[in-house]
Structures are given as C-alpha cells and as structure tokens.
Amino acid sequence: MKPRTRSLAEILELVLPSLVIALFILGWELLVRWHGIAPIYLPAPSSIAVYLVRMIVDGSLLFNLGVTLLRIFVGFCIAALAGVSLGVFMGMSRLIAKISDPWIAALYPLPKIALIPLLVIWLGTGEAYKIVISAVTGFFPIVISTYAGIRQADRGLMKAARDLGASDHQIQIKVVIPSAIPSIFAGLHLGMGVTIILVVAAEMIGGSSQSGMGYLLIQAGQVMETEKVFASLVVLAVMGAVVNKLQNWLDRKVAPWTTYHDRH
Amino acid sequence: MDVIVESVTQIWPGQHGAGVMALDQITHRFPSRRFTCLLGPSGCGKSTLIQIIAGLEDASSGTVKIVDPAAPNLGHRIGADSVMVWQNLNLFPWRNVIDNIAFGLEMRGEPKAARYNRARALISSVGLQGFEYHLPGQLSGGMRQRVALARALIMERPIMLMDEPFAALDAQTKIVMQEELLRIFEKTHKTVIFVTHAIDEAILLADQVVVMTARPGQIKEVIDVDLPRPRSLELVGTKAFGELFDRTFHLIREEVMKSLVQQSAALEAR
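These protein sequences, in sequence, are chains D and F.
First residue of the first sequence: 1, per the working numbering; consecutive thereafter.
First residue of the second sequence: 1001, per the working numbering; consecutive thereafter.
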C-alpha cells in the first residue's frame, strides 16, 4: 500500500520544477524593466507573449508551424522507412551488410548541412531539397540503430525458438526483429531529432523558403524583431518537446513490453 | 526414449590456440521415463552437455543418440524429441502468456483456435488462469517459471531437458515449483534430464543422480535414488534422504574445492 501522506521531498519534487520556471520568467521580466534593456537585445517575456498572441491571431504561426511540421513528417517518414528496411536487410544478410558498410561509414560522420550547397544546385530551393536533406540526415541514425538491434538479438531467445521448432526464417521474423524493436525505437528518436534540426536549418538558408518556422525566425532576425525571434524559439522548443512526448507515447502503445524489459 | 551419450568431448577454442576442455569423454545412458539429475560444481560443463543433447550445440567429438527402447532400430533426429527449459527461462518478452506457451504450435503452423485451446488447458493445469494476456514482465518469478514449463509441456515431446530452471527463484517459490514438477513427472513420466548444483534438489527429484567432476567435466559417480514415489518435500527430513545427501555431499565437496582452485587460478592469470 502506498503511504497516504506525501513526504516533504515528494512535495518539493512536484512543486519546485514549475516554481523555478516561474521565478526564472519573473526575474527576466524584472531585469528587463529595471534596467530598461532595449527590446531589440532582450525583450521582456510579457512582450514576447504579446507577439506570440499576435502571431496566433493573424494566423502566421499556425501556417508556418504547419508547413514545418509537414516537412518534418515527410522527411522523417522517408528516413524511417528506408532506414529500418535497410537496417533489417543488413542484419539478415552479411552480403548486404558488407556492401552497405563502407557507404555508411563514410557518409554518417559527414555533417549533413555541408550537403546543402550541392542539394540546392541539384534540386533548387523548393520542397524537394528540404525533404531530401532532412530524410538523408534522419536515415543514418535509424539504419545504424536498426542494424545494431538486429545483430544484438538475444542468442538465448533464438536458441529457445529453435528448440521449439522454429525454422531459420521463423526465427528471423518472430524473434530477431521483435527483439530489435527497443533499438529501432531509439534510432527513430535520434532520427526525429536530426530531422527537425535539418528542416529548420534548410528553411533558414539564403532565401530558400517563403514559409516555415526557420523562415519566420530568419525574417524576424533580419528586421531585428527580437520579440518575434524569441516567440518563434519558444514555439520550436514546445514543438520539439511535444513531438518527443508523442513518440514516447507511441512507443509504449506499439510495444508495451519494452517498459517492463528491465525486470528480469 | 533413452538418451545415449557416447564419449562426448567439448573443447572451447581459447586464446593462443590452446582450447579449454569443458567435457571430457562423457558416456552415459539416460534411461527412458526416468528422472536424471546432472549434479556438479559451476563450470563443470553440465549446461554444455544438456545443450549438446538438445542438438543446440555441436560436440567437438562423440555422439548423442535418441533411442526408443521399444523400437531400437528406428533413427531419431537429435532435438526433435526433446524440449528445453532454460535457466533464464528465455520467455519472449513481447509475447503474452498464451502466445509464449503456444509458440511451438504456432511455428508448426497450427491454427490459432486449436493452439489457444491447448494452451488454455495447460494454463489452467499450471495455475495461471486470468493471466493469459499478461506479458512476462508483468509476472512474478514463479509465474514466469510456470509459463516456461507450460511452453515446454505443450510440445508433448518425450524428453524434457531442464537447465537449472529453479536456480533464480527464491527459496519458497523453489519448493512450490519442485513439488509441481514432481507432480507433473509422476503423471507424465517423461524422460527428464535436470541440471542442478543443489544436492537436495537432485535427491528430491531424481531417480538417478549423475555426479560430475570439476572442469573438464567427467562423470564421477552415478547414484541411484531408490526413494519411493510419489514424493513430496517431507522426504527431505527422512533418514534415507539424509544418507544419500551425505554420500553425494562428500563426492561433490572435493569437486567444488577443485573448481574453486581453478577459478582463483584463472583470476590470478588475468
């Protein structure tokens, strides 16, 4: 039975995080007001909030956020599909692994942002370039984690399946792939993170875009609308956190057993 | 089904070309429909031997034969007549109880309704009703042990190979599972080969205890346990049990000492 009364430590744990955030914002507000800092350098949280509301009301926030999310979604889906399939094939066939290995080894450490000039030459500055750059970047962590997960499949479980009459093919499908799921999910989380970064970065590059959160940011920066810059950053931070939470929720929904995996 | 092991030797490839000999010329006939315990100190190769019998490891040399005493000329494929219960259970963590138990039938291509029927019957015989759709991670150690047992029993293979299946359980759960296994054995009379390092467990369960030496594993002595069946835990207090225990203890004690010396030598070499 759980104890009815919460200890002091528990209460602090519940209250302190939000309290610290509130104090931080309050301190920021007071600092700006007392010292009369120009909003162009550091706007007060209250004026950032005003801008945020204005952006919501005129619809620009919803539109640009929607466009960015759509690009992230498309780029991520391509990366996930390609990364998981190649990772699984590599895990199952030594030949495919041997062929893919030098390519992955060479291209993975390459900073993908460095590909932007080339992609702009090839694809122009339209949607294709933004999706390709984000999909390519998301692809690598996903393929690497998937491959590792398949290769590190529990030998004991594979032996047990064989003992219970499973064929090699059945062992692959019914044991190896499911046991790689935690590692595949870890890859998808990493892939999502870099996809978000690359979409926003691609939107920011030299007039390549007329929409998206990256565009909004760079536009506001150029005309020194620092409130708008902060408002966009707040939105991006919240968006990242929400996407992450959504992914966690989906992981638990699709593979609830991963939450008990540590109990052996 | 008799399990006939003939001069089985297992050498693991070691560093600098020198292999480590795990099993040295093991020859033994595990009698049909009898409960045999393989008893020995840690690292004596008993788990290796049972996996060779299961057809999951290849011996460096020697043979394993599965023979039906009623039809001794019929060949049997290694592994086809036996099923293993593992020390760490090896339950599939993403499959719920019923799908874990029905795994073997699913691999055989049995339709879902048929395999669920059989699995349900076993679930109630091991007392897991109401937990059909729980995941292994949601169960206690003893319950997981029952799932592993049911997953093996559903195969209806004449030979059960058990590799220290109760080693990870707490003392009370272990007792319950031992009695459960005795009940199952006395009902089905399968050929059981049970690996353990617990002397009392070996004597309580087995018709025959095969005592193994420290590495390289050899058979030191075979002790017949002619205690009456059906057995229960009350046997442990009896004089006959005590005598068998003492005899086995003296045999195993020398080997454990040897194995300790080996282990400390290995540590110093590191």
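Treat each hint with caution, since some may be false.
Claimed, not checked - Derived BS3-like pairs: lysine-lysine, alpha-carbon spacing no greater than 25 Å straight-line:
id, chain 1, residue 1, chain 2, residue 2
1, F, Lys-1174, F, Lys-1239
2, F, Lys-1258, D, Lys-174
3, F, Lys-1220, F, Lys-1258
4, D, Lys-253, D, Lys-174
5, F, Lys-1112, D, Lys-253
6, F, Lys-1065, D, Lys-159
7, F, Lys-1258, F, Lys-1239
8, F, Lys-1065, F, Lys-1258
9, F, Lys-1112, D, Lys-159
10, D, Lys-159, D, Lys-174
Treat the hints as calculated values from the structure; they're not laboratory data.
Right, here's what the structure says about each hint:
1. The hinted pair formed by F/Lys-1174 and F/Lys-1239 meets the criterion: a straight-line CA distance of about 23 Å does not exceed 25 Å.
2. Straight-line distance between C-alpha atoms of F/Lys-1258 and D/Lys-174 comes to about 43 Å, which puts the hinted pair past the 25 Å bound.
3. Distance check on the hinted pair: F/Lys-1220 and F/Lys-1258 sit about 13 Å apart at the alpha-carbon level, within 25 Å; holds.
4. Under the criterion of a C-alpha separation no larger than 25 Å, the hint pairing D/Lys-253 with D/Lys-174 is consistent with the structure, at around 19 Å.
5. For the hint pairing F/Lys-1112 with D/Lys-253, the CA-to-CA distance comes to about 24 Å; that is within 25 Å, so the pair holds.
6. Distance restraint check for F/Lys-1065 and D/Lys-159: the Cα-Cα separation of roughly 20 Å lies within the 25 Å cut-off, and the hinted pair is therefore satisfied.
7. With a C-alpha separation of about 29 Å, the suggested pair F/Lys-1258 and F/Lys-1239 falls outside the 25 Å cut-off, and the hint is violated.
8. A distance of roughly 31 Å separates the Cα atoms of F/Lys-1065 and F/Lys-1258; the hinted pair therefore is violated under the 25 Å criterion.
9. With a CA separation close to 23 Å, the supplied pair F/Lys-1112 and D/Lys-159 stays within the 25 Å bound.
10. At most 25 Å may separate the alpha-carbon atoms for a hinted pair to count; D/Lys-159 and D/Lys-174 meet this at roughly 13 Å.
Checked against the numbered hints listed earlier, the structure breaks hints 2, 7, 8; every other hint is satisfied.
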